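**Student:** Okay, here's what each chain looks like letter by letter:
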Amino acid sequence: MKFSEKYSSLIPVMTVYALLFAIGMTVPGMWQPVAFIMFYITLGQAFNIFLGLTGYVDFGYVAFLALGAYGMALAVQNFSGLGIGFGVIIIGLVLAMIMSSILSLAVGAVALRLRGAYFAIATIGVNEGFRYFVEGARLWGGSEGIIISGSMRKLFGRELSNYISTFVSDIFVFAIAVIAAVVTIIILNRKMGYALMAVREDEDAAKVMGINVTKYKIMAFIASASFAGLIGATAWTLKMTYVFPSDVFLITYTVEAIVIVMLGGAGTLLGPIVGGLIYGILKYYLSIILPGFQLLVLAPLLIFIVVAFPEGVVGAIRRKYTGEMTRKYLK
Amino acid sequence: MAFFEQLAGNLIYGAVLGSVYGLSTMGLSLIFGVLRIVNVGHGPFIMIGAFTAFWMFALAGIPPLVSISVALVIGLALGFVIFYAVIRRLLNAPELATLLATFAIGIFLEELAKFFWGPDHRGYSWNVGDINLGVTIMPYSKIYALISSIIIAYLLYMWFQKTKLGAAVRAVVEDSEGAMTCGIDVGRIYALSFAIGIGLTVASGVLVTLFVPVGINPYMGHEYTLKAFVIAVLGGLASPWGAFYAGFIFGLIENGSYTLLGLIPGVEPFSLTRFVAFSILLIILLIKPTGLLGGGSK
Numbered sequence: 001m002k003f004s005e006k007y008s009s010l011i012p013v014m015t016v017y018a019l020l021f022a023i024g025m026t027v028p029g030m031w032q033p034v035a036f037i038m039f040y041i042t043l044g045q046a047f048n049i050f051l052g053l054t055g056y057v058d059f060g061y062v063a064f065l066a067l068g069a070y071g072m073a074l075a076v077q078n079f080s081g082l083g084i085g086f087g088v089i090i091i092g093l094v095l096a097m098i099m100s101s102i103l104s105l106a107v108g109a110v111a112l113r114l115r116g117a118y119f120a121i122a123t124i125g126v127n128e129g130f131r132y133f134v135e136g137a138r139l140w141g142g143s144e145g146i147i148i149s150g151s152m153r154k155l156f157g158r159e160l161s162n163y164i165s166t167f168v169s170d171i172f173v174f175a176i177a178v179i180a181a182v183v184t185i186i187i188l189n190r191k192m193g194y195a196l197m198a199v200r201e202d203e204d205a206a207k208v209m210g211i212n213v214t215k216y217k218i219m220a221f222i223a224s225a226s227f228a229g230l231i232g233a234t235a236w237t238l239k240m241t242y243v244f245p246s247d248v249f250l251i252t253y254t255v256e257a258i259v260i261v262m263l264g265g266a267g268t269l270l271g272p273i274v275g276g277l278i279y280g281i282l283k284y285y286l287s288i289i290l291p292g293f294q295l296l297v298l299a300p301l302l303i304f305i306v307v308a309f310p311e312g313v314v315g316a317i318r319r320k321y322t323g324e325m326t327r328k329y330l331k
Numbered sequence: 001m002a003f004f005e006q007l008a009g010n011l012i013y014g015a016v017l018g019s020v021y022g023l024s025t026m027g028l029s030l031i032f033g034v035l036r037i038v039n040v041g042h043g044p045f046i047m048i049g050a051f052t053a054f055w056m057f058a059l060a061g062i063p064p065l066v067s068i069s070v071a072l073v074i075g076l077a078l079g080f081v082i083f084y085a086v087i088r089r090l091l092n093a094p095e096l097a098t099l100l101a102t103f104a105i106g107i108f109l110e111e112l113a114k115f116f117w118g119p120d121h122r123g124y125s126w127n128v129g130d131i132n133l134g135v136t137i138m139p140y141s142k143i144y145a146l147i148s149s150i151i152i153a154y155l156l157y158m159w160f161q162k163t164k165l166g167a168a169v170r171a172v173v174e175d176s177e178g179a180m181t182c183g184i185d186v187g188r189i190y191a192l193s194f195a196i197g198i199g200l201t202v203a204s205g206v207l208v209t210l211f212v213p214v215g216i217n218p219y220m221g222h223e224y225t226l227k228a229f230v231i232a233v234l235g236g237l238a239s240p241w242g243a244f245y246a247g248f249i250f251g252l253i254e255n256g257s258y259t260l261l262g263l264i265p266g267v268e269p270f271s272l273t274r275f276v277a278f279s280i281l282l283i284i285l286l287i288k289p290t291g292l293l294g295g296g297s298k
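Sequence order for the protein chains is P and F.
Those letters in the first sequence? Residues 1 to 331, per this note's numbering, in order.
Those letters in the second sequence? Residues 1 to 298, per this note's numbering, in order.
Isolated chain F, as found in the complex (with noise of 0.2 angstroms):
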């Protein structure tokens, strides 16, 4: 029966694992949704939401759950910068040209955290004790993690429902023409939208940390692009909520898979788990494009 343990563990971490994994994939989706810009330098923005709960716990000892309000500030103002010096000159250029833009930018914010910051890794350990789940024992950090993830994400549903912005946001993802005729500005609205999805995108870097084993370094983003496309695919690549639903099946596949894998001899588990995720991400994009969890942007 410790195999079953095992694999019940691991699913359980992946679960909340796979919390933060949809919040880190929610402003790439809604990029892509409102602006229809794939933000190819995705990963390098939760880096630095890494980084910002990093210097927050060494210099002041703030805890990352305090920090996350720090790193959304950060975000929006790096997406309001970003957007209106590079992204709005674009809106109108070949999807090619979008594409190497966000990638360049990217590698920007990794040189200039390895120019301030180093290349080396760092770590930090938030320690508020561990909880027993019977087949598995949890620090009480990754639960706070998941807690949060569901409470920005349930935060920002809302305000998408209930405010005025959120309904103009949600008017240009369904029809931009049709919204600038009822008086919407569009461009103020892409602005905005940009810099949420870059907002939210570094205050999940903040959770990141909590999960990664070997520390953060400036170029730990790499890792979470890829994953991130998986996700926003699995989720129907438009759509922020289908993302933060995907971001857990993700996490229930990648960890199940891997105790599955791990079974099988002369293999290395760790690899063949990431080529089941992609190889579901090629299987969803055939089959289903519009991601599994049905509908499209709406």
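Only chain P is shown next, with the shape it has when bound in the complex (with noise of 0.2 angstroms):
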């Protein structure tokens, strides 16, 4: 395949990318909205490079965004005294991207060994467990959580932290979404997507065939995870500026991560923008109009997109529509 062939599914992820920037950046007012539903569309696509991929639910993604988070507050609470000023937001992401790696490298040594429902529920169980022993041991500030509004200031003065918060921030996610798009095109067009696709269809029919399987589904779990380390340090911590626990493993992440994923297509490029698009534009518009009721009307709708599409919508168009303008946009 030419270069231009393997990358061209890119074109319309960026293009929705651009579009969406563009919109928050001229029409006033709509940064906020831009922002929830990239938001959302990031964490799908970090998400979906493992769950679409591999086709493992992991139920305890939130884990990773929430050490991301203490990452980066740990970082801003600890260096602020250092005086390299915006270093320390860099070494706050390194910090994120380290610390949720390594709990992706440990979780998945062990649990990885386990498929389907069993590995769904072991996820749930190092989420809750983790997140009771930060509580219980009263680590890093315990149940009181880490509050760096207070730093932030002493950092950058009190206008400059207001804009990295509502803000920067925000083009972090946005900086986030793009590289974790080019790496799963990267991925799928490399010998690591076909050996996950093939640990997807059958892993024992893949391991026979000689794929190493455990190295490749922990390549693509700490891909996702450090994803998703980058997204908590950037969409909560520098744009909230506290850490609660019982905030940052809220399992509602998680599934609402798994609807993106889902509803777009597990597996696609495009899948989690579609998702990630349908899921954020419900949610904000919803909670406009009937605010308080947007859950009772979001939850049978996603009862109905699941049972009108199990393969999600993009999956749908790609089993219809099967020419080559698809094969080689829609990926």
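Honestly, the hints are just simulated from the structure, not real lab data.
The reader is advised that the hints may include incorrect statements.
[As the list claims (entries may be wrong)] Cut-off 30 angstroms, straight-line C-alpha distance, at most; resulting in silico cross-link-like pairs (DSSO-like, lysine-lysine): (1) F:Lys164 / P:Lys207; (2) P:Lys239 / P:Lys215; (3) F:Lys288 / P:Lys215; (4) P:Lys320 / P:Lys191; (5) P:Lys6 / P:Lys207; (6) F:Lys288 / P:Lys283; (7) F:Lys114 / F:Lys142; (8) P:Lys6 / P:Lys239; (9) P:Lys239 / P:Lys154.
Values in this document were obtained by computation on a predicted structure and should not be read as measured data.
From the two separate chains plus the hints, produce the assembled complex.
**Tutor:** Below you can see the structure in the form of structure tokens.
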């Protein structure tokens, strides 16, 4: 395959990102909804690298976001006195990636031996166990969490720290979405992508064919987890300026990520974007039109979509239209 | 000796509470055993049962033990409706689809409950006196909950062992294709098992109300979903009986470890208890995924 053909499916993805960015920047009052929707797209994009490519349902995915959030908070809390200014945020991003990768390595080495429902339940166990350990052993401030708004103001001054939490953090999320999409397409086009596809279809057969199943699964797991860490560090810690264990370990975020990947179509590049758009727009506007009742409308809608498209929207389109255009642009 | 008295008292309480834990997990295990579906929206069904008990008591003064049968009927009806409306269409879909559908059903139930009954905590007190057990004082209502759980579990066991329909369910668990060739209507068995699973869960919600200290509210279910996962895995995930026994074990571990962890200074024993519970879950999954209690689904 030619280089251009290999990466042509990035075009629709980047077009959507650019459009969203342009709408947010030019239309007054649209930045907030765009950032809201972008959070879900990015979350879906990151989760898709693991769930979509391997078919393993990680119900404890939010733990990686949580560790990323703690990584950033710890960096700001501990290094704000060093006088390195913006460098603290860089350290925070690196720490977020390291912490979530280490957890994913530990979980992956152990839990990836399990399959299906057993894996899903084990990962719930990791997430909840970690949360209660943080609270119970009073690690990182225990259930009181870490509040960094004071350190941020000392570091950057009132105005700049406001700017960071209302704008720069969202730009970070955009950047993560772009990198995650590029990483996804690179994986899909390389040996790893084909190996993971084999794993998803039939893991035992893949093993017999001589594919190092464990290696590729763990690689996908770590990649997905480090993106999650970055999302947690930027979309949560930098934006909210606090980290509470009862918020960041909330299983609802895992399920939202699953919903997005599932809505769009697991394992496709465009899937998380379609899913993120549908979910983000519905959730944002339902909460404005019907404040307090958005979930009452969203839940039956989700049930309907799952029943109508068990393979996701992009999956259904790909099944229906198998032409050249689809192959080229819908990956 | 005060410590040992406290420990003994907590362990007795743990065993009594454990019986309700066990009952509330049987439905989850039954559904997984027969349909291979993890009901991620398990807890909200417990909440429905809890509200059934609350309203029966608050509006008509009907004691919870009588409400169990009402809750069972509500649960069976809910189970059949959900099976034929949603689950049946997803039996051949990827695992992800059923996980998502059951979760969405759970949210829908919670939001309906919030819509009709509001988000606040509600409680009722069914006071039928206390019994002094020497190391602790236990309300009779909790003792009745223990007895009811055991009776319901036993009745279900007899139904499985002694009736034709029960044998058909066991046959489907064993080998659904084989069961089909023997002339068993597997689709009907799926529907029936799902409905019984939901019925049991809703019924157990009635008994749960006898143990909640702060009252019930639409979101009370989450906690029980997570506990039910741990208990189900302890019991072998696909076995309702395993789940029932595992409920006792979980109750003992939860309340016993709470007493012990309380001795460590500078920690929150309540949270650490849950950490212990989930650590046990992981250890069991890794060394013996078929559950602590030996066998599999048979």
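**Student:** Does the alpha-carbon distance linking lysine 6 (chain P) and lysine 239 (chain P) stay inside the 30 angstroms limit?
**Tutor:** violated, 36 angstroms
**Student:** Does the structure keep lysine 114 (chain F) and lysine 142 (chain F) at a Cα separation of 30 angstroms or less?
**Tutor:** Holds, at about 28 angstroms.
**Student:** Measure nothing beyond the straight line between the CA atoms of lysine 288 (chain F) and lysine 283 (chain P); if it is 30 angstroms or shorter, mark the hint as holding.
**Tutor:** Violated: lysine 288 (chain F) and lysine 283 (chain P) sit about 41 angstroms apart, past 30 angstroms.
**Student:** If you draw a straight line from the CA of lysine 320 (chain P) to the CA of lysine 191 (chain P), is it 30 angstroms or shorter?
**Tutor:** holds, 27 angstroms
**Student:** Check the hint pairing lysine 164 (chain F) with lysine 207 (chain P) against an upper bound of 30 angstroms on the C-alpha distance.
**Tutor:** Not satisfied, since the Cα-Cα distance of roughly 42 angstroms exceeds 30 angstroms.
**Student:** With the threshold set at 30 angstroms, check whether the alpha-carbon distance from lysine 239 (chain P) to lysine 154 (chain P) stays at or below it.
**Tutor:** The hint holds at about 16 angstroms.
**Student:** For lysine 288 (chain F) and lysine 215 (chain P), compute the direct alpha-carbon distance and say whether it is at most 30 angstroms.
**Tutor:** holds, 24 angstroms
**Student:** Given the hinted pair lysine 6 (chain P) and lysine 207 (chain P), is their alpha-carbon gap at most 30 angstroms?
**Tutor:** holds, 27 angstroms
**Student:** Does the alpha-carbon distance linking lysine 239 (chain P) and lysine 215 (chain P) stay inside the 30 angstroms limit?
**Tutor:** Violated - the C-alpha atoms of lysine 215 (chain P) and lysine 239 (chain P) are around 35 angstroms apart, more than 30 angstroms.
Hint violations for this structure: numbers 1, 2, 6 and 8, all remaining hints satisfied.
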